[in-house]
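> Now for the letters of each chain:
Number of protein chains: 2
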Amino acid sequence: MLAEIITIGDEILIGQIVDTNSAWMAKQLNLCGIKVKQITSVSDDAEHIVEALNAARKRANVILITGGLGPTKDDITKITLSRYFNMPLKRDEETLKTVEGIFARLNRPMIELNRKQADVPEGCTVIQNKNGTAPCMWFEDQGAIFVSMPGVPFEMMYLMEEEILPRLKERFQLPFIYHKTILTANIGESFLATLIEDLENSLPESIKLAYLPNLGQVRLRLSASGSDEQQLKTEVDHYATLLMERISQYVVADEDITLEKALLNLMESRQLTLSTAESCTGGYIAHLITQHPGSSKVYEGGAVTYSYALKEAVLGVKPETLQNFGAVSEETVKEMALGALARFKTDFAVAVSGIAGPDGGTPEKPVGTVWIAVASASGVTAKVFLFGNRRVQNISRSAAAALNMVLAQVKLAEAK
Amino acid sequence: MLAEIITIGDEILIGQIVDTNSAWMAKQLNLCGIKVKQITSVSDDAEHIVEALNAARKRANVILITGGLGPTKDDITKITLSRYFNMPLKRDEETLKTVEGIFARLNRPMIELNRKQADVPEGCTVIQNKNGTAPCMWFEDQGAIFVSMPGVPFEMMYLMEEEILPRLKERFQLPFIYHKTILTANIGESFLATLIEDLENSLPESIKLAYLPNLGQVRLRLSASGSDEQQLKTEVDHYATLLMERISQYVVADEDITLEKALLNLMESRQLTLSTAESCTGGYIAHLITQHPGSSKVYEGGAVTYSYALKEAVLGVKPETLQNFGAVSEETVKEMALGALARFKTDFAVAVSGIAGPDGGTPEKPVGTVWIAVASASGVTAKVFLFGNRRVQNISRSAAAALNMVLAQVKLAEAK
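Protein chains in written order, with the working numbering: chain A, 22 to 437; chain B, 22 to 437.
For the record, the hints were derived by calculation from the structure and aren't laboratory data.
There may be inaccurate statements among the hints.
The list cannot tell twin chains apart, which means a pair is met if one copy fits it or any two copies do.
Using 30 Å as the maximum straight-line C-alpha spacing, the simulated DSBU-like pairs for lysine-lysine come out as follows [said to hold, decoys possible]:
1) Lys-254 / Lys-56
2) Lys-94 / Lys-229
3) Lys-58 / Lys-229
4) Lys-404 / Lys-318
5) Lys-56 / Lys-190
6) Lys-366 / Lys-339
7) Lys-111 / Lys-229
8) Lys-151 / Lys-404
9) Lys-58 / Lys-254
In this text, all values refer to a predicted model and were calculated from it rather than measured experimentally.
The shape of chain A in the complex, shown without the other chains:
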């Protein structure tokens, strides 16, 4: 059972937005046992949309389409599908009610452009969209299923979860796809590959191993598909266990989670609390942590201290430390971490101070210089890093390094 995803919109082709929908959809489809063969992004151009539809149906059974369903003139997905399937547009009363209901709830007046959202190709199955005015449309044509959804992420997500996936599961006898991911840190992918070479070579044909490196971490992913869920899991898990035994000192998690989630899980299981004191990462570490449900069990909060004044007032960094050593120094970052530990009363505190760039570098402290400190009851340790000259990447890499350092210190405390 193969699916393809087609995302429609000029904004994708000119790089104005990042297509996050496709990854989310692909993940959900995989969990249901549907493999995604290709993801294609095309512009709001009728001829090209038709070309993409024709190509996709040759490769896949289900074609999921997002985007191009807005009420404005640049959006042409609906009229293109109407012509493609030879189904003229007709106003759908139920859809009109849904659209009217949305405007009533928002207490907004309605205009003809909004009413036109209720025009749908006659003969398609309309799936009501509770979160927006663009209806979801399900077409069947010569054995292939085409579903057109709005591109607004939360509207698409709701429709996929509540409507599309349940219908696909009911309709097809789906195979089981199983992925097992091992998250490792502090080892490069080629070293990892060398360490596990014999195990990799011994994998049966049906199990695929992938290396996914990212910011000081490498994910190892074992994948297999089949009809017997239990057998599949047993077999894949068997090899996963062998791999994890071999590289145990680098394993951070035995599931596909982020580094910060692995840290949260570990700290929660030890009933440890954490606070943050961020300068150059500007709240990014706090954000990474707090995007996870339940993070409040571990994370108490923190400070984003961009200015000297806030480093002193909120974290208690001594003015003379800042004056003598500068904000980006071992001395300052240690005081930041110890200040957070004492004032926010947590078991661990992590502090980051660096030059994210593009300005602010000096010959001694070039852009990309980042000091990170971790404090706990057993003291404070600091390390300096030299990243590159891209601000957004320096922020990401600093955050990953900081999380890695906390993880190492928590593990160390545990070992004692």
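Since chain A is already given, all that's left is putting chain B on it; use the hints.
Relative to the frame of chain A, chain B by itself:
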């Protein structure tokens, strides 16, 4: 001049990573006058890669390929290209030196897998990758150009900026593509469309108007391409000015920037400073702001106060306020904003307290309830929002609403 982007990697097709490379590449190509016709993501499968290459060369002159160049077995892009162009792999001495140099710099031992990175299809142009071990390869075949780059974002970005784009610009007489974006806030796209309907209808064929809605904002984008840069700009800017005059009260910026960047620009021009006090957004507002170079001119810092204790200790929220009204209340969020204003000594302070979910909701305060307050010398105002039940989206929507509120208050102060 048309380009296509092909991203290769199972991790994309199973939704393990979001393809952010394509949007970045598309943006850079557009700035050089190269339109992107299609973006295609395929798995690490030789046959499918070849199919994608064949399809792309029919539509475009330049095909940019990322991914699948790692040293491990799952990566097959290089060997597939070697076969596709009928160019056997051969060890390249210069590439080997680059790879050795990288290992020397990192002070890491090298293994045969790493040396194999220096094997390249004989006859292609190798472009040295200073940031990683996977070389960039440039192929020319029957009038089409194919460039294979590593998928690691900063390696790809460096290669695109320093090598690929300059070569394409030198090689081709590129047309000029001009986009003009107007950022609006606090108005829906259909109302915007009605307000500007006559202007939209009067646009010449050569100028395209797109509506890009996102989190309480709508971007209007005018696009045109041609050979006379000056004439193009004059014409597009003329219509942009007409549009902005018509909808002036909703215009936040006359360029393609984010809401927080528009706010930073406005505040910097007024020499105003800002601090944040975040609970449910957990540092996300601080992160949005601080990812922009120069944000320190406006942003002093802030607090992420997840726990009651930190709300009291860092922001001075009264224990009885928390006890009587709860953390998610008008009273608490106002005290948070006023506390940040006084303690962080800024001209404006914004505070957010809400229930991001998935847990923590009650019948009176369901998940998605978010209080936001903005404080300044002229007082404090607060508003309550009811977003949905998805944590990550509640965080984004809360941040957008908070930035919108600050923007409105700064504009109000300005008007006085």
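> Taking the hints in turn, state whether each one holds.
Status of each hint after checking the structure:
1. Lys-254 / Lys-56: within (18 Å within a copy, 45 Å between copies)
2. Lys-94 / Lys-229: Answer is between; shortest inter-copy Cα gap is 10 Å, intra-copy 46 Å.
3. Lys-58 / Lys-229: within (16 Å within a copy, 32 Å between copies)
4. Lys-404 / Lys-318: both (27 Å within a copy, 28 Å between copies)
5. Lys-56 / Lys-190: within (13 Å within a copy, 39 Å between copies)
6. Lys-366 / Lys-339: both (19 Å within a copy, 18 Å between copies)
7. Lys-111 / Lys-229: between (48 Å within a copy, 27 Å between copies)
8. Lys-151 / Lys-404: Between copies only: 25 Å across, 51 Å inside.
9. Lys-58 / Lys-254: within (23 Å within a copy, 41 Å between copies)
Checked against the numbered hints above, the structure breaks none of them.
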